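K.L.:
Sequence:
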Amino acid sequence: AVAHELSACVGGKISKIYQPSEYDIVLHVRARGTNRKLLLSAHPSYPRVHFTEATFANPAEAPMFCMLMRKHCEGATIDSVSQVGMERVLHIDVRHRDEIGDTYLKRIIVEMTGRHSNIILIDPATNTVLDGIRHVTPAISSYRVVLPGAAYVPPPAQKKANPLEVTEQQFAAAMLDAGDEERSGQHDDTPAKQDKSSVAVHKRLTDRFSGIGPLSANEIVFRSGVPASAPPDGADLGILWRTFHAVMREIAAHRYRPSIVRDANGKTVFSVLELTHVRGETRHFGSVSELLEAFYGEKAERDLVKQRTADLVRLLQNEKNKNVKKLEKLNETLEEAKEAERFRTIGELLTSSLHLIKKGDREIEVVNYYDEELRPLKIELDPQLTPAENAQRYFKKYAKLKNSVAAVEEQMRAAREEIDYLDTLLAQLEQASLSDIEEIRDELAEQGYIRGGPDRKKGGTKKADKPALTCYTSSEGFPIFVGKNNRQNEYLTNRFALPNDTWLHTKNIPGSHVVIRGTGFGEATLHEAAMLAAYYSQAKSSSQVPVDYTLIRHVRKPNGAKPGFVIYERQKTLYVTPDEESVKAMPVSVK
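For the sequence shown, the residue numbers in this note's numbering are 1 to 591.
Possibly wrong hints are sitting among the right ones.
30 Å max Cα-Cα, derived DSSO-like pairs, lysine-lysine [stated by the list, open to error]:
{"no.": "1", "residue 1": "562", "residue 2": "507"}
{"no.": "2", "residue 1": "402", "residue 2": "338"}
{"no.": "3", "residue 1": "299", "residue 2": "267"}
{"no.": "4", "residue 1": "466", "residue 2": "591"}
{"no.": "5", "residue 1": "562", "residue 2": "326"}
{"no.": "6", "residue 1": "400", "residue 2": "338"}
{"no.": "7", "residue 1": "507", "residue 2": "466"}
{"no.": "8", "residue 1": "306", "residue 2": "325"}
{"no.": "9", "residue 1": "591", "residue 2": "306"}
{"no.": "10", "residue 1": "584", "residue 2": "306"}
{"no.": "11", "residue 1": "402", "residue 2": "378"}
{"no.": "12", "residue 1": "557", "residue 2": "466"}
{"no.": "13", "residue 1": "326", "residue 2": "397"}
{"no.": "14", "residue 1": "325", "residue 2": "400"}
Between beta-carbon pairs, the in silico distance windows are [unchecked claim]:
{"no.": "15", "residue 1": "62", "residue 2": "559", "range": "42 to 50 Å"}
{"no.": "16", "residue 1": "58", "residue 2": "556", "range": "34 to 42 Å"}
{"no.": "17", "residue 1": "102", "residue 2": "250", "range": "42 to 50 Å"}
{"no.": "18", "residue 1": "58", "residue 2": "277", "range": "37 to 45 Å"}
{"no.": "19", "residue 1": "355", "residue 2": "327", "range": "43 to 51 Å"}
{"no.": "20", "residue 1": "16", "residue 2": "128", "range": "21 to 29 Å"}
{"no.": "21", "residue 1": "556", "residue 2": "348", "range": "45 to 53 Å"}
Just so you know, these hints were derived from the structure itself, not from any lab.
What you are looking at is a predicted structure, and each value in this text was computed from that prediction instead of being measured.
We treat Cβ as the ideally placed atom computed from N, Cα and C, and that holds for glycine.
When you get a sec, could you build the whole thing from the sequences and use the hints?
P.N.:
Here is the structure:
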C-alpha cells in the first residue's frame, strides 16, 4: 500500500535532504506541482516510510550519511518506487547528473525489518554499497556486511509464497504442507502428527505466505468463518481459499481501507484491510501515510525525546534525591532543636541551686518547680566545671539550638522549593517536544546544574528573545496559550499576557502555565483551558485534577525565585479530568 502511494513521487525531484535523528531521513520532493516531505525511518522499534506533515528539528551540522545522500540524491529525479516481492523492503531509484553532465542511477533501499532496519544507498550498476544509515560489520552479522565499498546483500529470503500469485491448488498444498514443523519430528512419528495438527490455520497462513502478518491472517480466517483454532487439515480449505483470494484481489487492485482500531482494553492496531474481527473504536484515514503518521508519529518522537533527555532526567532525579535526604537530616536537627526549652529549664534550675553543687559533682537532684507536681529532676553535671559553668553550659546549648531553628527552617524551605522546581522540570521533560529540549538544557546551564551556559552563549547563536508558544483554539474561538518549559512559562506569564487575561495552573502540582487571551469567554473555554493545564502537568494521568485560575494581574514572580515560579491570589479552583483525545482534537498552532 505504501509502495503504491509513493508512486506519486515518480518523476518528482528531490530538492532537499535532512537527517533529523540517528535513524531518520527526510526527503523534500516536488512532484506533480506539489511539495511533499517523505520520511524514511530505520528506527529499530518504529521502522516505516510515508509522507509526513510533521516538522523536524534538524541538527546544526548534518551527519555523514546525510551529506552522502545530498551528494548523490539532492536534485535527483525519482525514477521508480518498488517493493521487493511482498517483503518489507522498498527500492527508490533516483537519476542524477554529475558535475560534467553525465547521468547516473542510484538506489535508496529501505529495509523495515524490525531492530535490523536500515537505509542503504547503493550503486545498482555495480551492486556496491555507498553507505548505510547503520553500519553492519562482520562482528555484528556473519550473513552480510553493510559498509562503504561492500557488495550489497539483501536481507535473508523467507522462502514463502507470494500470496498475490498462488493458485487454489498451490494454496491448498502450502496450507497442508507442515514443512519444518513436520520435519522437526521426523525421528518420531507421534510428535510429527501432533505438530501437524497443533498449528492453527491462521498460523499456517503467516508461515507459508509472505506479507501476511498475524493481524491479516486472523482477519482472513474470521471472514471465512473457519474456526480460528482449526488445524489446516481439519479446516474447509475451499471456503478459506475463496476468502483469501478475495482479500488478495483487493490488495492487487489497491483497494485499501487504512484504519486504526482501539479495542476494549485500550490496545490499538492498524491495517490497510478493513478489520472486522477486532471490536472497538475505529478511525479511518484517507491515505496510508495519514494512518502511519497518526499511529507512529507521536510514539517515535516520544522515543527520540526520551533518548535525548535521558541524561537530564538522571541528573534531575539525583539532585532531587539529594534534597530529599537533606530534608530528612534537617528534620532530625529540627527535632533536636525542640529540646531547647528543656536545656533552658535545666540552666535556670541549676542557677537557683548553685549553693547545693560542688565542683566535681557528676549529678544533682533538684526540685523541678516548673513541674506542677514539683517532681524531683536529676541533672547531669561536668565534674571539671564549676557549678556556675555547668549552668552556663546548658544555657549555651539552649541558645545554640534556639538559633539553629530559624536557619534549619530556612534551609528546609529552600530544599522544598528546589524539589518543587526539579519536579516541574521532570514533568516538562516528560512532555517535551524535540524543540523544547534545548531551552530546558539552557535553563539548567543558567541555573548551574550542567556546564555549558556561558560557553554556549559565546560560540552559539543568540537565543530568541521571544520563545515560540503553543496556541490552542477553544471551541468558542478563544486562543489558549501553553508554556511547555520554564522559559516559555516566564515569557507567557510575565511579558506576553495582558492584565485581564486569565491564568491557569494545577493546584500544588508541577505543570505548565496556561493563559486564555481575552475576556468574554464562556464555561466551555474555561474548562478546555483547565484541561490543557491538567494535561500538561504531572497529573496528566489522574482524574479530577484541581486547577486554579485567576487574572494575570494577580500573578507575580517573587524576587530571586526559580524560573517559572510565581505566587498568585484571588484564585478559584475547578476540577477536570485530562482527556488526550479531546486535547488532540483542539486546533493547535505555534506562535
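K.L.:
Take the hints in turn and mark each one as holding or not.
P.N.:
The hints, checked one at a time:
no.: 1; hint: 562 with 507; verdict: 18 Å, holds
no.: 2; hint: 402 with 338; verdict: 8 Å, holds
no.: 3; hint: 299 with 267; verdict: 14 Å, holds
no.: 4; hint: 466 with 591; verdict: 10 Å, holds
no.: 5; hint: 562 with 326; verdict: 19 Å, holds
no.: 6; hint: 400 with 338; verdict: 12 Å, holds
no.: 7; hint: 507 with 466; verdict: 27 Å, holds
no.: 8; hint: 306 with 325; verdict: 27 Å, holds
no.: 9; hint: 591 with 306; verdict: 25 Å, holds
no.: 10; hint: 584 with 306; verdict: 21 Å, holds
no.: 11; hint: 402 with 378; verdict: 23 Å, holds
no.: 12; hint: 557 with 466; verdict: 19 Å, holds
no.: 13; hint: 326 with 397; verdict: 23 Å, holds
no.: 14; hint: 325 with 400; verdict: 23 Å, holds
no.: 15; hint: 62 with 559: 42 to 50 Å; verdict: 45 Å, holds
no.: 16; hint: 58 with 556: 34 to 42 Å; verdict: 39 Å, holds
no.: 17; hint: 102 with 250: 42 to 50 Å; verdict: 44 Å, holds
no.: 18; hint: 58 with 277: 37 to 45 Å; verdict: 42 Å, holds
no.: 19; hint: 355 with 327: 43 to 51 Å; verdict: 46 Å, holds
no.: 20; hint: 16 with 128: 21 to 29 Å; verdict: 26 Å, holds
no.: 21; hint: 556 with 348: 45 to 53 Å; verdict: 47 Å, holds
In this structure, none of the earlier numbered hints is contradicted; all agree with it.
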